[in-house]
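Work the whole structure out from these sequences, hints included.
Line order of the protein sequences matches chains A and B. Numbering-wise, our numbering comes out as the position in the first sequence, counting from 1, plus 1. Here our numbering is used: position 56 in the second sequence is 42, and no number is missing along the way.
The reader is advised that the hints may include incorrect statements.
What follows is a list of derived Cβ distance ranges for each label pair [as the list claims (entries may be wrong)]: (1) A:Arg10 to B:Thr95: 27 to 37 Å; (2) A:Asp151 to B:Asp61: 35 to 45 Å; (3) A:Leu242 to B:Ala(-4): 18 to 28 Å; (4) B:Ser124 to A:Leu249: 31 to 41 Å; (5) B:Ser70 to A:Met154: 41 to 51 Å; (6) A:Leu242 to B:Tyr170: 22 to 32 Å; (7) B:Ile48 to A:Ile110: 45 to 55 Å; (8) A:Cys63 to B:Asp61: 26 to 36 Å; (9) B:Ser25 to A:Ser244: 31 to 41 Å; (10) A:Ala208 to B:His20: 50 to 60 Å; (11) A:Ile110 to B:Asp61: 16 to 26 Å; (12) A:Asp139 to B:Leu(-2): 49 to 59 Å.
The hints are simulated quantities; they were obtained by calculation from the structure and are not laboratory data. Here the structure is a predicted model, which is why all the values come from computation and not from measurement. All C-beta atoms in this analysis are idealised placements derived from N, C-alpha and C, irrespective of residue type, glycine included.
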Amino acid sequence: MNVTLKVWRQSAGEKGRFERYEARNCNPNMSFLEMLDEVNEDLTNSGKEPIVFEHDCREGICGCCSLVINGEPHGPEYRVASCQTYMRSFKDGDVITIEPFRSKAFPVIKDLLVNRGAFDRIIQAGGFISVSTGSAPDANSIPVPKVSADLSMDAAACIGCGACVAACKNGAAMLFVSAKAAHLNLLPQGLAEKDRRVLAMVGTMDAEGFGSCSNTYACEAACPKGITVDFIAKLNRDYALASVRTKLLGTDVAA
Amino acid sequence: MGVSGVLLVAFLTVHMLGNLQIFLGAHALNSYAHFLKISPELLWGFRLAMLGIVAVHILAAIALTLENNGARPVDYLREKSAASYASRTMIVSGIIVALFIAYHLLHFTAHVTNPEFDLLLDEQAKPDVYGMVIAGFSNPLTVAIYLIGVLLLSWHLSHGVSSMFQSLGLRNRRSACLIDSAAYLYAVVIFAGMAAVPAAVYFKLIS
Ligand code: HEM
Ligand code: FES
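Here you go:
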């Protein structure tokens, strides 16, 4: 199959524009990224700059790939990352638009590659538990209710790709932050630092220039891992309680 | 946004129930209207409180919109959004509702658009609210403005009411479906209840 690509090309400090490329003789079962690899090989062979895009595992678990395909983060298929999108999802002769994740907090480095360092700084602010490491504790020394364990695992499925931010008209990062916070807050090991974590992560999120959630739920639809907006409601609840306890009463959940 | 939304929704519900008393006749509506104005201190206290809530809601809406428009400086070429149209156009429906509320207050509260409403008195020589509503909705243009206003209000609420549960953290997987359906139903009920009065007067079902 043959398709035409309209790809966003942008170098540092430049405004950016769309360029058209032809991808010929694609196998319908090749992945979208393999198709881009082939286009890049042609570009390189003809002495042109290849298209820069991010990828690593190519099996939907690392969260590196980050393409907006035809106006949808990670493309047309439900609950898959860009790397797990295959050419069979398109038709021969299609014109496919490829853009980077767009948000003020994710500046474009080059072409389709954006800087998602803001996510790392949110994690550094509170996406951890403080324990002195030693030998591994006994598996069941801390009882965890099954419901909490399941919910926490659902939240931990987040691969931190940022499709939620890319899908949000407000460039809000609430789905990511709520999943990362809930994943620890739901467990006894995370409970001790819950209030501090929630305030620090939300504070960093705001400082990084993400917008505010207006509950349009575009994020949930774009998430390759099926993280639900229930975690956003939980984060709102946890944030309100943490603010009252910490700012008004001067205590926190641990006190 | 969420907290001011809850207060506005509470006001709106009571306002709609109050309006519907027109179907119980002139006496019912007028005595309810007079009851609301028993004490000027309470009346003005309430009016100022409502004004404050609306101001908070509008200022928060403006701040939110400005911040969020800046958070995505470059748009997609042709965005395919899974978000509902109502959720993406809250500021537009909100502005139209604000204009409608201003018109509504000038019309039925301040009588700026119709100074002759000042002269309508009932048999106890108190303001005849029933007569005012009948006279007010005999004008097709006014009826059209009210219908459009309440239509956009319900459109605003069709996203706003469930959104406020989410913002306040009062929603989870189990309650999501119930809350969303109830919120949607609420928006429809508000439209029906609010539109019923101008429509009924215009089509001479009450006079
Ligand atoms: C006066 C003019 C109004 C303006 C300019 C306005 C504007 C807005 C805006 C911009 C939002 C946020 C939308 C978003 O989440 O993206 C909002 C939310 C909301 N509005 Fe309004 N609005 C107005 C009137 C009203 C009225 C009369 C009511 C109800 C009686 C109402 C109820 C709500 C509710 C419940 C929300 C959701 C709050 C939340 O998300 O937590 N609004 N409004
Ligand atoms: S490349 Fe790892 S998730 Fe797509």
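Hint check results:
1. For the hinted restraint 27 to 37 Å between A:Arg10 and B:Thr95, the CB-CB distance of approximately 58 Å leaves it violated.
2. For the pair A:Asp151 and B:Asp61, the supplied restraint of 35 to 45 Å holds, since their beta-carbon distance comes to about 38 Å.
3. Checked against the given bound of 18 to 28 Å, the beta carbons of A:Leu242 and B:Ala(-4), roughly 23 Å apart, stay inside it.
4. The given range of 31 to 41 Å is broken by B:Ser124 and A:Leu249, whose C-beta atoms sit roughly 54 Å from each other.
5. The beta-carbon spacing between B:Ser70 and A:Met154, approximately 30 Å, falls outside the hinted interval of 41 to 51 Å.
6. The hinted range of 22 to 32 Å is satisfied by A:Leu242 and B:Tyr170, whose Cβ atoms lie roughly 29 Å apart.
7. The given range of 45 to 55 Å is broken by B:Ile48 and A:Ile110, whose C-beta atoms sit roughly 33 Å from each other.
8. In this structure the hint that A:Cys63 and B:Asp61 lie 26 to 36 Å apart at CB holds, the actual value being about 28 Å.
9. Checking the proposed 31 to 41 Å range against B:Ser25 and A:Ser244 shows it holds: the Cβ atoms sit about 37 Å from each other.
10. The supplied range of 50 to 60 Å is met by A:Ala208 and B:His20, whose beta-carbon atoms lie about 54 Å from each other.
11. Checked against the hint of 16 to 26 Å, the pair A:Ile110 and B:Asp61 passes, with Cβ atoms roughly 20 Å apart.
12. Our hint of 49 to 59 Å for A:Asp139 and B:Leu(-2) holds, since their Cβ atoms are close to 57 Å apart.
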